[in-house]
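Student: Those protein sequences? They're chains W and G, same order as listed. Going by UniProt numbering, 176 is the number at position 176 of the first sequence; the sequence numbering is gapless. Going by UniProt numbering, 216 is the number at position 216 of the second sequence; the sequence numbering is gapless.
The hints are simulated quantities; they were obtained by calculation from the structure and are not laboratory data. Predicted model only: the values in this text are computed from it and were never measured. Note that CB positions come from ideal geometry on N, CA and C, so glycine has one too. Mixed in with the good hints there might be a few duds.
Heads up, simulated DSSO-like pairs for lysine-lysine below, C-alpha to C-alpha not over 27 Å straight-line [to be verified]:
hint: 1; chain 1: W; residue 1: 148; chain 2: W; residue 2: 103
hint: 2; chain 1: W; residue 1: 53; chain 2: G; residue 2: 97
hint: 3; chain 1: W; residue 1: 96; chain 2: W; residue 2: 71
hint: 4; chain 1: W; residue 1: 53; chain 2: G; residue 2: 214
hint: 5; chain 1: G; residue 1: 120; chain 2: G; residue 2: 97
hint: 6; chain 1: G; residue 1: 131; chain 2: G; residue 2: 214
hint: 7; chain 1: W; residue 1: 139; chain 2: W; residue 2: 71
hint: 8; chain 1: G; residue 1: 120; chain 2: W; residue 2: 53
hint: 9; chain 1: G; residue 1: 204; chain 2: G; residue 2: 94
hint: 10; chain 1: W; residue 1: 35; chain 2: W; residue 2: 53
hint: 11; chain 1: G; residue 1: 94; chain 2: G; residue 2: 120
hint: 12; chain 1: G; residue 1: 204; chain 2: G; residue 2: 214
hint: 13; chain 1: G; residue 1: 204; chain 2: W; residue 2: 34
hint: 14; chain 1: G; residue 1: 214; chain 2: G; residue 2: 120
hint: 15; chain 1: G; residue 1: 204; chain 2: G; residue 2: 97
hint: 16; chain 1: G; residue 1: 131; chain 2: W; residue 2: 53
hint: 17; chain 1: W; residue 1: 35; chain 2: G; residue 2: 204
hint: 18; chain 1: G; residue 1: 120; chain 2: G; residue 2: 131
hint: 19; chain 1: W; residue 1: 53; chain 2: W; residue 2: 96
hint: 20; chain 1: G; residue 1: 204; chain 2: W; residue 2: 53
hint: 21; chain 1: W; residue 1: 148; chain 2: W; residue 2: 34
For the chain W half of the interface with chain G, some residues (derived, Cβ under 10 Å), not all of them [stated by the list, open to error]:
hint: 22; residue: 39
hint: 23; residue: 43
hint: 24; residue: 47
hint: 25; residue: 49
hint: 26; residue: 73
hint: 27; residue: 83
Residues of chain W placed beyond 12 Å of chain G at every Cβ, according to the derived structure [stated by the list, open to error]:
hint: 28; residue: 54
hint: 29; residue: 63
hint: 30; residue: 66
hint: 31; residue: 71
hint: 32; residue: 82
hint: 33; residue: 101
hint: 34; residue: 112
hint: 35; residue: 116
hint: 36; residue: 129
hint: 37; residue: 140
hint: 38; residue: 143
hint: 39; residue: 150
hint: 40; residue: 171
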Amino acid sequence: MVLLQILRKLKQKEKEVRILMLGLDNAGKTTIWKKFNGEDINTISPTLGFNIKSLDHNGFQLNIWDVGGQKSLRSYWRNYFESTDGLVWVVDSADKMRLEDCKSELHKLLQEERLSGATLLVFANKCDLPGALSAQEIKDALNLDEIKTHHWQIVWCSAMTGENLLDGIDWMITDIASRIFTLD
Amino acid sequence: MEQSERRGSTTFIIQEESSAGAFLTPAVSISIDEGDEDDPSCPIVTTPVNVDDEGHPTQSSTEAYQSFDTVVGAIEDVAVGSEFQALQSFYLSKYWKDFEGDENSESTHEQFMIFQNYSKEMAHLIETHVKRHLGNDFSFSNFIERWYGTLEEQRQSNNSSINSLGVHINEDCSQEASHQNPTHNFHMTCEIESLLFTLTDFCKFKELMIDYRKMLEGKTPTLSVTHQRLDLPH
Ligand SMILES: Nc1nc2c(ncn2[C@@H]2O[C@H](COP(=O)(O)OP(=O)(O)OP(=O)(O)O)[C@@H](O)[C@H]2O)c(=O)[nH]1
Ligand SMILES: [Mg+2]
Numbered sequence: 001m002v003l004l005q006i007l008r009k010l011k012q013k014e015k016e017v018r019i020l021m022l023g024l025d026n027a028g029k030t031t032i033w034k035k036f037n038g039e040d041i042n043t044i045s046p047t048l049g050f051n052i053k054s055l056d057h058n059g060f061q062l063n064i065w066d067v068g069g070q071k072s073l074r075s076y077w078r079n080y081f082e083s084t085d086g087l088v089w090v091v092d093s094a095d096k097m098r099l100e101d102c103k104s105e106l107h108k109l110l111q112e113e114r115l116s117g118a119t120l121l122v123f124a125n126k127c128d129l130p131g132a133l134s135a136q137e138i139k140d141a142l143n144l145d146e147i148k149t150h151h152w153q154i155v156w157c158s159a160m161t162g163e164n165l166l167d168g169i170d171w172m173i174t175d176i177a178s179r180i181f182t183l184d
Numbered sequence: 001m002e003q004s005e006r007r008g009s010t011t012f013i014i015q016e017e018s019s020a021g022a023f024l025t026p027a028v029s030i031s032i033d034e035g036d037e038d039d040p041s042c043p044i045v046t047t048p049v050n051v052d053d054e055g056h057p058t059q060s061s062t063e064a065y066q067s068f069d070t071v072v073g074a075i076e077d078v079a080v081g082s083e084f085q086a087l088q089s090f091y092l093s094k095y096w097k098d099f100e101g102d103e104n105s106e107s108t109h110e111q112f113m114i115f116q117n118y119s120k121e122m123a124h125l126i127e128t129h130v131k132r133h134l135g136n137d138f139s140f141s142n143f144i145e146r147w148y149g150t151l152e153e154q155r156q157s158n159n160s161s162i163n164s165l166g167v168h169i170n171e172d173c174s175q176e177a178s179h180q181n182p183t184h185n186f187h188m189t190c191e192i193e194s195l196l197f198t199l200t201d202f203c204k205f206k207e208l209m210i211d212y213r214k215m216l217e218g219k220t221p222t223l224s225v226t227h228q229r230l231d232l233p234h
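Next up, chain W with everything else stripped away, as it sits in the complex:
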């Protein structure tokens, strides 16, 4: 659809950045999303569909999509790939049992054609929990060093305390901006 493609391209020129947040269920995606929106994070239930919000940040309009990650719902993820500038992969750093699953889902996404131009930010979330793995350990467990196709970064963070969330997003926006918005 020519018209739609053009309108999307136009939005890019408007400094609109589309961020897609994915990850296994219970990783903390919605908690992070609500934290960004300044909403209450104490009454969050598992996401069956998705949440979307536009935020103004540093002169950019961020459209942040938070899509539920339960196994049976992951086949819907592909509906949201289109025009993604940044992929945020959220990991529960204390969930050692599911790191293998987490790794394979992430690497599957990275092969997606429609995500090929996206910057990858890995949020190693729940760092406030006593048993949480370090960012280095998560990086190794997810084989991040293998990724050559995308710009990526891993950030140790906590949606509960808000620690490092902004740093992660700011790195991502800077990376996206340097690729997409050429300053004149």
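Given the structure of chain W, go ahead and fit chain G with the ligands onto it with the hints provided.
Tutor: Below, chain G with the ligands alone, put in the same frame as chain W:
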């Protein structure tokens, strides 16, 4: 001046004036279907047409902008037309039940798929209609890029903060009233601007659905009372 010809229609390649440097696309091709040139029923052209060395018609820059009004007009036509209204009504009446809650509540995957279909069908309708009126050579891409160039210029001349680069459709619309520069006398009306962006903005679509639902539900209590009464045994 470039020129090309198609049978049964007149095609103008409109060359951008150098003063409009902010426009991103140098040339826009617009075809205007005027019927067969030999057709006696074809209306006589009363506006003066400049002719180049080879006797082909040329367009001045002013006329180029008038042609943009034609494009906007064509989009406006389709937006108020019955096909468009019917398609929108179809979506509203078929799917409003799928839009529970308010703008901030979680959205469902079904809602998003409804939006994707809506967006595709609406865009197709607009494209088809505009091409039917302006010829198949008409390029949306050039048109919208150029429209964007004008918005961008407006922004720069009304320059405030970096934030003004964000999508604030309402602001742009309010600026439009004060926009008198004759060099850019084509402009998109507010409704067309939001209509076009609605096609790519799920939140706008969701709002539309929820508003429709609220409107219907405003009437529902009366209807259900009537219904209950009718159900009472005589
Ligand atoms: N201690 C701690 N708990 C967290 C943190 N982030 C999220 N949680 C908790 O983890 C649970 C799951 O969080 P959600 O935000 O619902 O997870 P999700 O990734 O959105 O899950 P799905 O919607 O099912 O995909 C909730 O009970 C949160 O309170 C964190 O940084 N620290
Ligand atoms: Mg969730």
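Student: Give a verdict on every hint.
Tutor: Verification of the hints:
1. W:148 - W:103: 15 Å, holds
2. W:53 - G:97: 22 Å, holds
3. W:96 - W:71: 17 Å, holds
4. W:53 - G:214: Given that 27 Å is the threshold and the Cα spacing comes to 22 Å, the pair holds.
5. G:120 - G:97: The hint holds at about 21 Å.
6. G:131 - G:214: 36 Å, violated
7. W:139 - W:71: 22 Å, holds
8. G:120 - W:53: Answer holds: residue 120 of chain G to residue 53 of chain W is near 22 Å, not above 27 Å.
9. G:204 - G:94: 18 Å, holds
10. W:35 - W:53: Within the cut-off at roughly 12 Å; holds.
11. G:94 - G:120: 17 Å, holds
12. G:204 - G:214: 15 Å, holds
13. G:204 - W:34: Within the cut-off at roughly 20 Å; holds.
14. G:214 - G:120: 25 Å, holds
15. G:204 - G:97: Satisfied, since the Cα-Cα distance of roughly 17 Å is no more than 27 Å.
16. G:131 - W:53: 35 Å, violated
17. W:35 - G:204: 23 Å, holds
18. G:120 - G:131: 16 Å, holds
19. W:53 - W:96: 31 Å, violated
20. G:204 - W:53: 12 Å, holds
21. W:148 - W:34: 31 Å, violated
22. 39: Check passed: Cβ of residue 39 of chain W comes within 9 Å of chain G, closer than 10 Å.
23. 43: With a closest approach of 13 Å, the residue 43 of chain W hint is violated.
24. 47: 6 Å, holds
25. 49: 4 Å, holds
26. 73: Hint on residue 73 of chain W: holds, closest Cβ of chain G at ~8 Å, below 10 Å.
27. 83: 9 Å, holds
28. 54: It is violated; residue 54 of chain W is separated from chain G by about 7 Å at its closest Cβ, not greater than 12 Å.
29. 63: 9 Å, violated
30. 66: 9 Å, violated
31. 71: 15 Å, holds
32. 82: 9 Å, violated
33. 101: Answer for residue 101 of chain W: holds, closest chain G Cβ roughly 21 Å.
34. 112: 17 Å, holds
35. 116: 21 Å, holds
36. 129: At roughly 26 Å from the nearest Cβ of chain G, residue 129 of chain W sits farther out than 12 Å, so the non-interface label holds.
37. 140: 34 Å, holds
38. 143: 30 Å, holds
39. 150: 24 Å, holds
40. 171: 19 Å, holds
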